[in-house]
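Novice: Its first residue numbered 1, the sequence shown is counted upward by one per residue in UniProt numbering.
To be clear, the hints were calculated from the coordinates, so they are not data collected in a lab.
Predicted model only: the values in this text are computed from it and were never measured.
Please note that a few of the clues may not be correct.
The following label-pair restraints were derived from C-beta to C-beta distances [as the list claims (entries may be wrong)]: (1) N207 <-> E84: 32 to 40 Å; (2) N107 <-> K53: 32 to 40 Å; (3) T181 <-> N107: 36 to 44 Å; (4) K205 <-> K109: 42 to 50 Å; (5) K205 <-> D142: 16 to 24 Å; (6) K128 <-> D169: 33 to 41 Å; (7) L117 <-> L47: 19 to 27 Å; (8) P145 <-> G19: 17 to 25 Å; (9) V116 <-> S32: 23 to 31 Å; (10) T181 <-> L225: 33 to 41 Å; (11) P112 <-> Y17: 30 to 38 Å.
Derived BS3-like pairs: lysine-lysine, alpha-carbon spacing no greater than 30 Å straight-line [stated by the list, open to error]: (12) K151 <-> K138; (13) K124 <-> K10; (14) K132 <-> K183; (15) K183 <-> K205; (16) K132 <-> K10; (17) K151 <-> K109; (18) K101 <-> K88; (19) K15 <-> K88; (20) K29 <-> K115; (21) K204 <-> K10; (22) K58 <-> K204; (23) K58 <-> K115; (24) K202 <-> K132; (25) K124 <-> K138; (26) K101 <-> K132; (27) K124 <-> K88; (28) K151 <-> K15.
The beta carbon of each residue, even a glycine, is placed where N, CA and C say it ideally should be.
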Amino acid sequence: MSSTKRFDLKRVELKIYGGIATVNTYLLKTDSGFILIDTGPSSKRSLLEKEIKEAGCKPGNLKLIILTHGDADHTGNAAYLRQEYGGKLALHPDDSVMVQKGDMSHNRKVNPLIKVLFALPFVKLKGKDQFKEDIELKDGFDLSPYDLNAKIIHIPGHSQGSVGVLTVDGDLFCGDLLENTAKPAINSIMDDEDAAHSSIEKLKKYNINMVYPGHGNPFPLKDFLDCK
1 MSSTKRFDLK
11 RVELKIYGGI
21 ATVNTYLLKT
31 DSGFILIDTG
41 PSSKRSLLEK
51 EIKEAGCKPG
61 NLKLIILTHG
71 DADHTGNAAY
81 LRQEYGGKLA
91 LHPDDSVMVQ
101 KGDMSHNRKV
111 NPLIKVLFAL
121 PFVKLKGKDQ
131 FKEDIELKDG
141 FDLSPYDLNA
151 KIIHIPGHSQ
161 GSVGVLTVDG
171 DLFCGDLLEN
181 TAKPAINSIM
191 DDEDAAHSSI
201 EKLKKYNINM
211 VYPGHGNPFP
221 LKDFLDCK
């Protein structure tokens, strides 16, 4: 990652759980096409598609769909977008069974209450939306072949297969490791607290400026570290 490749960024914020919360998807326009980070829930498909079309994304130029983890509010439109737009789906293998079977509690140490939540019909990934990823994301995966000067960093905690996208300029798309719904914080639903804290320590080793979370507004990483 020696030279900077610029991109235009569009954040699409989608309401979930009856409007009591929101989830972010991020559309990046590069010189050769588009990359989408997370896809939102299937219930917001028409709105997401409207937003990406307005940004100029159309079938054939969506090159890659990066899924930061397997939860249905982040992967609900992945199979549809691959079918309609041709983008390859990229996910860490530790979350692969979650999206293949629609089981959001797979490979997690979830407590009984959270397991019940993950089993609710509007939380699970429906059969038609289940999928197998095209690309396995591992720590250090280079995104430059997709015209994005960035790499994947494995940051488990929220799920075993959670990843972030770190650009050469220090922008981190962190999925659900961190959130900013009230203030920058560790995500309120955490599967493995020890793994999450190890991932936070890992972030400190990088030159990270802005964080783009799965839930809430972007924020400087310094704001989160200063609050700890």
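Novice: Return the numbers of the hints above that this structure violates; sort them in rising order.
Specialist: Those not satisfied are hints 3, 4, 8, 9, 10, 11, 14, 20, 22 and 23.
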